[in-house]
Amino acid sequence: MRLLLVEDEIDIQSFLRRSLEEAGYEVEAAADGKTAERLAVDGEFDILIVDLGLPDQDGFSLILKLRQLGVRAPVLILSARRSVDDRVRGLEQGGDDYLTKPFALAELLARLRNLLKRNSPASSEATRLRVLDLELDLLRREATRAGQVLQLTPQEFVLLEYLCRNAGRVVTRSMILDKVWGMRIQPDTNVVDVHIYRLRGKVDGPGQQPLIRTLRGVGYVLKDR
Amino acid sequence: MFSKTAKPALRSAAWRISLWATLAFACGTLLVFIFLHRFVADDIQRRSDAWLVGEIEVLGDVAEQTPMNALHDRVVEEVAELASKEVPNRDASANASNDSVFFLQTGSNGSLTLWVGAGNGVANLKAIQASRILPDHPTHLRVQGFTIPFRVASARINDGSYIYLGLSERDELRVLRSLGLRFILLWFLLVLLGFGIVFFTTRRMLSHVREIAEAASRIGHSDLHARVPTTKHNDEVSHLALTLNHMLDRIESSMHQLHTITDSLAHDLRSPLTAIRGKLEMSLSAAMQVEQADPIVSSIEELDRLTDFLNKSLDVAEAKADALRLNRVALDLDELLRIMIDLYEPSMSERGLQPRLHSGGPLVIEADAALIHRMIANLFDNELKHLPAACTVNLRLRVEDAAALLILEDDGPGFDAEVLPHLFERRVKGKDSNGHGLGLAFVDAVARAHGGSVAAGNRDGGGARIELSFPLAST
Chain A
12 MRLLLVEDEI DIQSFLRRSL EEAGYEVEAA ADGKTAERLA VDGEFDILIV DLGLPDQDGF
72 SLILKLRQLG VRAPVLILSA RRSVDDRVRG LEQGGDDYLT KPFALAELLA RLRNLLKRNS
132 PASSEATRLR VLDLELDLLR REATRAGQVL QLTPQEFVLL EYLCRNAGRV VTRSMILDKV
192 WGMRIQPDTN VVDVHIYRLR GKVDGPGQQP LIRTLRGVGY VLKDR
Chain B
4 MFSKTAKPAL RSAAWRISLW ATLAFACGTL LVFIFLHRFV ADDIQRRSDA WLVGEIEVLG
64 DVAEQTPMNA LHDRVVEEVA ELASKEVPNR DASANASNDS VFFLQTGSNG SLTLWVGAGN
124 GVANLKAIQA SRILPDHPTH LRVQGFTIPF RVASARINDG SYIYLGLSER DELRVLRSLG
184 LRFILLWFLL VLLGFGIVFF TTRRMLSHVR EIAEAASRIG HSDLHARVPT TKHNDEVSHL
244 ALTLNHMLDR IESSMHQLHT ITDSLAHDLR SPLTAIRGKL EMSLSAAMQV EQADPIVSSI
304 EELDRLTDFL NKSLDVAEAK ADALRLNRVA LDLDELLRIM IDLYEPSMSE RGLQPRLHSG
364 GPLVIEADAA LIHRMIANLF DNELKHLPAA CTVNLRLRVE DAAALLILED DGPGFDAEVL
424 PHLFERRVKG KDSNGHGLGL AFVDAVARAH GGSVAAGNRD GGGARIELSF PLAST
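Each protein sequence line maps, in turn, to chains A and B. For the first sequence, the numbering used here assigns the number 236 to the last residue and increments by one with no breaks. For the second sequence, the numbering used here assigns the number 478 to the last residue and increments by one with no breaks.
Honestly, the hints are just simulated from the structure, not real lab data. Among the hints, a few may not be true.
What the hints assert, rightly or not - Every beta carbon over 12 Å from chain B, so not counted as near; a handful from chain A, in silico:
| id | residue |
| --- | --- |
| 1 | E48 |
| 2 | R124 |
| 3 | A178 |
Unchecked claim - With the C-beta cut set under 10 Å, the calculated list includes, among others, these residues of chain B facing chain A:
| id | residue |
| --- | --- |
| 4 | R273 |
| 5 | G281 |
| 6 | E284 |
| 7 | I342 |
Backbone N, C-alpha and C define an ideal beta-carbon position, used for all residues, glycine too.
The following block holds chain A by itself, in its conformation from the complex:
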């Protein structure tokens, strides 16, 4: 996976580059808009990370210019701004995503994977999801584990569906809050964890292989193997 990182803070750029490379990305970095433009047009990238506060131009104008130049890869926007303005929302609707600084690396990686998956043609609208012996019927809103119907509340079903769609990938608490409850909040209580415990109690019955794993300080993952 080729990734273009546009970030002017050298400190952040270097640790991002290292951790992204560790995560298996082939990273090219640019510290300003001009370099980013040149690199983006020359090289084929699968995904871009763009910081909004660039020294020579606004991150938005860079993204718009890149889109005009024919760059189709999804963009993950990094912003140190406090208020998320409408333009970010507009871009988000266009299939891109954003993260405010400071962020968790796991969150960044999870969102990158999410963007890449969203962009791949395989994500067609299926009516059934299957992860190992867990099966979700999206039309009848019914989940079964090893043939046994799970008694889930509608909200638990949505949560499990989200985990299944991201099976094998880490999802963070804020991603869950964002995608399942539609809120960008950071509760200082463990509200998401309690939902996961409850769901786990229903999905991972006694004697069964536990599917929902907790990654401490990061989030959750639904095992797919």
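Add chain B to chain A, keeping to what the hints say.
Same frame as chain A, but now just chain B:
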């Protein structure tokens, strides 16, 4: 515009202004008319007096020069009759007999010697004798039996007798009355016209002021781009509008400065925080023992708390300065509360708490969704952290006085007495609280930024009560 201004016209200051102006105008014009009336009355009197004096002279001459014989009375009577026919301003007599003029001669002993006029002249003589009438000085005389007074001139004749010529003031009074009537009519029309002109001009003027006030009130807490309408005239009202706009310019620019400061503060703190967090996380990702990882994980958690504190502090600071930037959308509080309860219910029931929503259905406000989400999450977090087990949290949502009212009540211990008066101040928290003391300050900030309000206190029966009010969405 007119349909809008028509309703409050009675409450408008235009009424008061034009009433006072009209009163002053009416008094002024009334004085002018009274003066004019007096002037005309004096003039008419002078003319009739001049006529009286002239006639009495002629009559005196005739009386003197006519020999004292049987013919004397006859000649004088004829002359007096003739004189009475050339009375000025004479009305076509309402009465057949000539009651507008009398002529009277007394002998030297004061007895009536000659009388020309209506009646027998006894009453006239009595009235004349009762009042002192100086020769050549016409005098006002009231005669019994006549409703209208006379103007009487006298002359002394050589033989010691007096002659008197009286002219009824009837015609004079009639002229003056009709003049007065016209004056009153004219005065009334003028006052009415004046009132109309003053009322419409002040109302037009004040409608500009009202437009300015309406526009100014529309310029909300955070929308400072709008300006009040200005007019082309160079008067006080347009000065008012210009001054308001200048003021808004200054407020907007200081607001902009505040935003720049908070933004750069946020940016300057966030970049190093990002770098620190990233480095900590990278050192964590390497395979390490739990004992080694623990301090790093807790450092990361501290950093996250610091970030949250930074965000909330800046939000509270901006909101205190009425500078919180809002991205308003239609937001259904009922739906939001249901989602929030759905989100928090497992955590709450785990701690033995029970959230209950009492809502009458959808209730839409125009608000910044992200801020409202954070605000309500804040309230729920507070309940979750501070309530002992087996408490109930009641959430009531309803419309009251054209505002969306959200009341959160619990049956827990309530707020500490010593923090109660300072609940919405920054850094205020209860003894056992481990938060950073921004929770309710943030709630207050968000409510105020939306033009709403928040009140908090303890319920009579024990437990905390927080009441939030938001303006309803304009449909």
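Could you check the structure against the hints above and give me the numbers of any it violates, in ascending order? The structure conflicts with no hint, since it agrees with every one listed earlier.
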